[in-house]
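For the record, the sequence lines run as chains A and B.
At position 61 of the first sequence the residue is numbered 60 (numbering that gives the first Met the number 0), and the sequence of numbers has no breaks.
At position 58 of the second sequence the residue is numbered 57 (numbering that gives the first Met the number 0), and the sequence of numbers has no breaks.
Incorrect hints may appear among the rest.
[What the hints assert, rightly or not] 20 Å max Cα-Cα, derived DMTMM-like pairs, lysine to aspartate or glutamate:
id	chain 1	residue 1	chain 2	residue 2
1	B	Lys211	B	Asp180
2	A	Lys455	B	Asp235
3	A	Lys455	B	Asp130
4	B	Lys302	B	Asp146
5	B	Lys162	B	Asp127
6	B	Lys160	A	Asp454
7	A	Lys455	B	Asp180
8	B	Lys162	A	Asp147
9	A	Lys171	A	Asp210
[Claimed, not checked] Listed next, with one range per pair, are the computed distances between beta-carbon atoms:
id	chain 1	residue 1	chain 2	residue 2	range
10	A	Pro432	B	Gly271	34 to 42 Å
11	A	Leu400	B	Asp33	15 to 23 Å
12	B	Ile75	A	Pro6	55 to 63 Å
13	A	Trp354	B	Asp33	48 to 56 Å
14	B	Tyr204	A	Phe422	56 to 64 Å
15	B	Tyr204	A	Trp434	48 to 56 Å
16	A	Asp426	B	Asn263	43 to 51 Å
17	A	Leu355	B	Trp202	54 to 62 Å
18	A	Leu25	B	Lys160	46 to 54 Å
19	B	Lys160	A	Ala433	42 to 50 Å
20	A	Leu25	B	Ile20	58 to 66 Å
21	B	Tyr204	A	Val442	41 to 49 Å
22	B	Leu19	A	Leu355	44 to 52 Å
Don't read these hints as lab results, they were simulated from the structure.
All C-beta atoms in this analysis are idealised placements derived from N, C-alpha and C, irrespective of residue type, glycine included.
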Amino acid sequence: MLFNTVPFFIFLAIVLLLFYTLPRSLRKYLLLAASYYFYMSWNWKFIPLLLTLTVIDYTAAIMIESGRKIHRKLFLIMGLAGNLGFLGFFKYFNFLADNFALLLGRPPHSFALQIILPLGISFHTFQSMSYIIDVYRGEQLAIRNPVDYALFIAFFPQLVAGPIVRAREFFKDFYAWRPPVSEEQLRGVLLVVLGLAKKMAFADQFAQIADAYFSHPAAHPGALSAWKGAVSFALQIFFDFSGYSDMAIGMALLLGFHFPLNFRRPYLAFSVTDFWHRWHMTLSRWLRDYLYIPLGGNRHGTLMTYRNLMLTMLLGGLWHGASWNFVIWGGYHGGLLALERMAGRKMFEQKPPAWLYPLRAALTFAVVSLGWVFFRAATFADSRYVLSQMFRRASGAPNLLIPPWLVWMALLSLAAAFLEEHFEWADRLPRGPAWAYAAALIVLLFAVEMVGVTDKQIPFIYFQF
Amino acid sequence: MRTAVILILTLAGFILVENLIFNTGVYPAIVDPDSTTGAMEMRLSNEMRRKAGDRNQVLAIGDSRMGFFPRYPNQIPNLGYTSATIATPGTTPRCWYYMLREADPQANRYAAILIPFEDYDDLETWEDHADRVSDLHYLIPLLRWTDIVEFPRSYHSTELKFKAALGIALKGTVYKTDFQDLLLHRKFRLEYAAQARRESHQWFYDFKDTDKNMAGVVIDWKARKLAAPPNISPGDVDTFKTQLLEPYPEHTGRRSAYLTYWLNRICDLYRGSATRLIIFRLPRGPYVRPDPPPFDPNSSVRKAARRPEVILDAEHDFDFLEKPELFKDPHHLNGPGQEQFSRALALRVRQLLGPPKAP
Numbered sequence: 000m001l002f003n004t005v006p007f008f009i010f011l012a013i014v015l016l017l018f019y020t021l022p023r024s025l026r027k028y029l030l031l032a033a034s035y036y037f038y039m040s041w042n043w044k045f046i047p048l049l050l051t052l053t054v055i056d057y058t059a060a061i062m063i064e065s066g067r068k069i070h071r072k073l074f075l076i077m078g079l080a081g082n083l084g085f086l087g088f089f090k091y092f093n094f095l096a097d098n099f100a101l102l103l104g105r106p107p108h109s110f111a112l113q114i115i116l117p118l119g120i121s122f123h124t125f126q127s128m129s130y131i132i133d134v135y136r137g138e139q140l141a142i143r144n145p146v147d148y149a150l151f152i153a154f155f156p157q158l159v160a161g162p163i164v165r166a167r168e169f170f171k172d173f174y175a176w177r178p179p180v181s182e183e184q185l186r187g188v189l190l191v192v193l194g195l196a197k198k199m200a201f202a203d204q205f206a207q208i209a210d211a212y213f214s215h216p217a218a219h220p221g222a223l224s225a226w227k228g229a230v231s232f233a234l235q236i237f238f239d240f241s242g243y244s245d246m247a248i249g250m251a252l253l254l255g256f257h258f259p260l261n262f263r264r265p266y267l268a269f270s271v272t273d274f275w276h277r278w279h280m281t282l283s284r285w286l287r288d289y290l291y292i293p294l295g296g297n298r299h300g301t302l303m304t305y306r307n308l309m310l311t312m313l314l315g316g317l318w319h320g321a322s323w324n325f326v327i328w329g330g331y332h333g334g335l336l337a338l339e340r341m342a343g344r345k346m347f348e349q350k351p352p353a354w355l356y357p358l359r360a361a362l363t364f365a366v367v368s369l370g371w372v373f374f375r376a377a378t379f380a381d382s383r384y385v386l387s388q389m390f391r392r393a394s395g396a397p398n399l400l401i402p403p404w405l406v407w408m409a410l411l412s413l414a415a416a417f418l419e420e421h422f423e424w425a426d427r428l429p430r431g432p433a434w435a436y437a438a439a440l441i442v443l444l445f446a447v448e449m450v451g452v453t454d455k456q457i458p459f460i461y462f463q464f
Numbered sequence: 000m001r002t003a004v005i006l007i008l009t010l011a012g013f014i015l016v017e018n019l020i021f022n023t024g025v026y027p028a029i030v031d032p033d034s035t036t037g038a039m040e041m042r043l044s045n046e047m048r049r050k051a052g053d054r055n056q057v058l059a060i061g062d063s064r065m066g067f068f069p070r071y072p073n074q075i076p077n078l079g080y081t082s083a084t085i086a087t088p089g090t091t092p093r094c095w096y097y098m099l100r101e102a103d104p105q106a107n108r109y110a111a112i113l114i115p116f117e118d119y120d121d122l123e124t125w126e127d128h129a130d131r132v133s134d135l136h137y138l139i140p141l142l143r144w145t146d147i148v149e150f151p152r153s154y155h156s157t158e159l160k161f162k163a164a165l166g167i168a169l170k171g172t173v174y175k176t177d178f179q180d181l182l183l184h185r186k187f188r189l190e191y192a193a194q195a196r197r198e199s200h201q202w203f204y205d206f207k208d209t210d211k212n213m214a215g216v217v218i219d220w221k222a223r224k225l226a227a228p229p230n231i232s233p234g235d236v237d238t239f240k241t242q243l244l245e246p247y248p249e250h251t252g253r254r255s256a257y258l259t260y261w262l263n264r265i266c267d268l269y270r271g272s273a274t275r276l277i278i279f280r281l282p283r284g285p286y287v288r289p290d291p292p293p294f295d296p297n298s299s300v301r302k303a304a305r306r307p308e309v310i311l312d313a314e315h316d317f318d319f320l321e322k323p324e325l326f327k328d329p330h331h332l333n334g335p336g337q338e339q340f341s342r343a344l345a346l347r348v349r350q351l352l353g354p355p356k357a358p
């Protein structure tokens, strides 16, 4: 059940209807059952894994909270080992096995196993790990009711691709639940429709161009095609993932849960540092709080800071997928962050003057788009080829076409992002006049109807992670 | 409560604006004339704009096999009937019902409607015609909110039922590809659509087809083998093989049910009307297999023939046109074939209807 399909909206409508008609005491059971049903609709075989991880973390947290200091650490390590063990096996076993085979001079898949990656495992293990670490740190009480904890892990709006929510954020709403007020309901609906429009009318349109290019880069030689392919993917991944996040946040809001923002107009960033303050913010926050700071952050001198930055970004890259391309992508961003830090924090953390801002934003977008080549290309060789084409003098034959109307739509969305950056119109809409809200929603519905891709189903990119 | 009111009004506003654009004549007027929708829309609007001088009008409907060109019968002196056509390639009996409902809402414009059939025995087809998604695209300008139950229900697949219902409620979902093409070629499209409105009548009515023919195919019916001369394309050879040498598809009654339903609906349009529905069998092809399909006394056309508004023409009236020299491919008459067929059909209609009525 993809978020952008009719069966999902029927499912959502039924869940909302039942949620608000059932007695309050039964609602968590409904949400848990709905979440498991949602997960099973993808592949029921992964439910035991989800349940196992739930039991491990639920038990570990209680043991950590009630144990003595030495035991607490032991239970934390056991809990983390459980999570990382499952994640490592399902996600990284074949990667490691292939590299091991390569080291021994054997064919690449000599030791590989037939493993299907369980949906959303990277997201829910990170969420579980943050929970037990928070319990260990004393920042979060262990949840005693197993149903409550199971719902935190399996809550369907964010189960498969985030946002990565912290336990205290979730349980604050859960234990002090209040029905969403009118403004929140309107905001929830707006976010769901906005996310749908981002996914279907923008991401899926750009996906067709990016796929056409990256499936056979050599068929489209020249700098122009390479940049078109890379920029198309940059736009696809933004609209795809931020669209998914908007929908997840919107649905949660309709159920009375307030999820943190995951994207804040990342392509308006004026530096790579600024970009990472705006892109996949819940992952950045997780990496900062549970990796970068525990590694020492910037507390142990310049060199250690760069090392920590680099390690965090390399592991962040690896989190996305078991491939050297993702590691390189992480390393590329780690390197850029380190470089910016070296050049001076003020320069890259403070907004530049208005005259310089467009240039800096465009440059940042170009630099980030270069990085996406590693993210999207099927192999390292493909990445090298695409990058070499991007810096060729010859522009090449214009055989990779971006429809002009799609360019206009992208420019319109850029204008909308600028307006949002300065006036926060999307935030104000639910509070503003009803006609303005209705007009915005109608425009979005038209975008979905008229330019949304419906003849093929293109899965959300982050579902594979 | 405030949320519900705002959301209901928003949804109503969206549906209203959507219907104003797509459910009125606004968008169909600029739809791509070469698209399925455009092809049907052009023919239908030409016919609706055509000034009919009297009641002695004969309208032909059908698909691309309906090689009836009104210019030939309209040249026959003293025929007494004026011919017109809205036959559109790719359309099916389900489409014909909605096209006739639009072209003749009062069921009194024509003396006769000419309805072609490929056979009189509801021979099964490999394809399930009820699940032709293209029908939705052909018919989208003609479908109304009141069709939201019957039309979707006529599909067998649940997915297509849903698609059809959604298409009727929100026509933009069907016009989407055309709309995206319009965004790509705005100027060309608007000019082309305007040109089609002005000139497409001539395109269809004055169209002169090729003289290419299918002569030279040698068929060994016993050995089930076929040899074709090099001028016949491999695609046509394959079609001949399937059409002539393969066993008939197993009879399931699926096609019979489909034809019966839509033929009845067409008859219902003209119930009690003076218009006659003339059903006839098309020339089957340049070569005809020696084993005819099993005779079905209760086939859709034979059942329809029991209704007073229907005239069922003799099954073999146009067999004399089943010659390789008169076909351009395994299914379609060529230029000379179309001329002979048009004249012969018009004369047969004159016989069946009798003398024209006084204006």
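Check your understanding: Is Lys455(A) within 20 Å of Asp130(B), Cα to Cα?
Key -> holds (19 Å)
Check your understanding: Hey, Lys211(B) versus Asp180(B), does the alpha-carbon distance stay inside 20 Å?
Key -> violated (34 Å)
Check your understanding: Taking only the CA atoms, is the gap from Lys455(A) to Asp235(B) under or equal to 20 Å?
Key -> Violated: Lys455(A) and Asp235(B) sit about 32 Å apart, past 20 Å.
**Study point:** Holds or violated: Lys302(B) to Asp146(B), with C-alpha atoms at most 20 Å apart
**Key:** violated (25 Å)
Point to revise | Satisfaction of the hinted span 48 to 56 Å by the C-beta atoms belonging to Tyr204(B) and Trp434(A) | key: holds (50 Å)
Point to revise | Hint check for Leu355(A) and Leu19(B) - Cβ pair distance inside 44 to 52 Å | key: Because 46 Å falls inside the window, the suggested range holds.
Practice item. Confirm or reject the claim that Lys160(B) and Ala433(A) have a C-beta distance inside 42 to 50 Å. Key: For Lys160(B) and Ala433(A) the Cβ distance comes to about 35 Å; the hint is violated.
Exercise for review: Mind checking the hinted window 58 to 66 Å against the Cβ distance between Leu25(A) and Ile20(B)?
Suggested key: violated (45 Å)
Check your understanding: Within a Cα-Cα threshold of 20 Å, do Lys160(B) and Asp454(A) meet the stated pairing?
Key -> holds (16 Å)
Exercise for review: For the range 56 to 64 Å, tell me whether the beta carbons of Tyr204(B) and Phe422(A) fit it or not.
Suggested key: Roughly 59 Å apart at Cβ, these two residues keep to the hinted range, so it holds.
Review point. If you check the beta carbons of Asp426(A) and Asn263(B), does the distance land in 43 to 51 Å?
Key: violated (58 Å)
Point to revise | Hint consistency between Lys171(A) and Asp210(A) [alpha-carbon to alpha-carbon, up to 20 Å] | key: Distance ~42 Å between Lys171(A) and Asp210(A) Cα, so the pair is violated.
The earlier numbered hints that this structure contradicts are 1, 2, 4, 8, 9, 10, 16, 18, 19 and 20.
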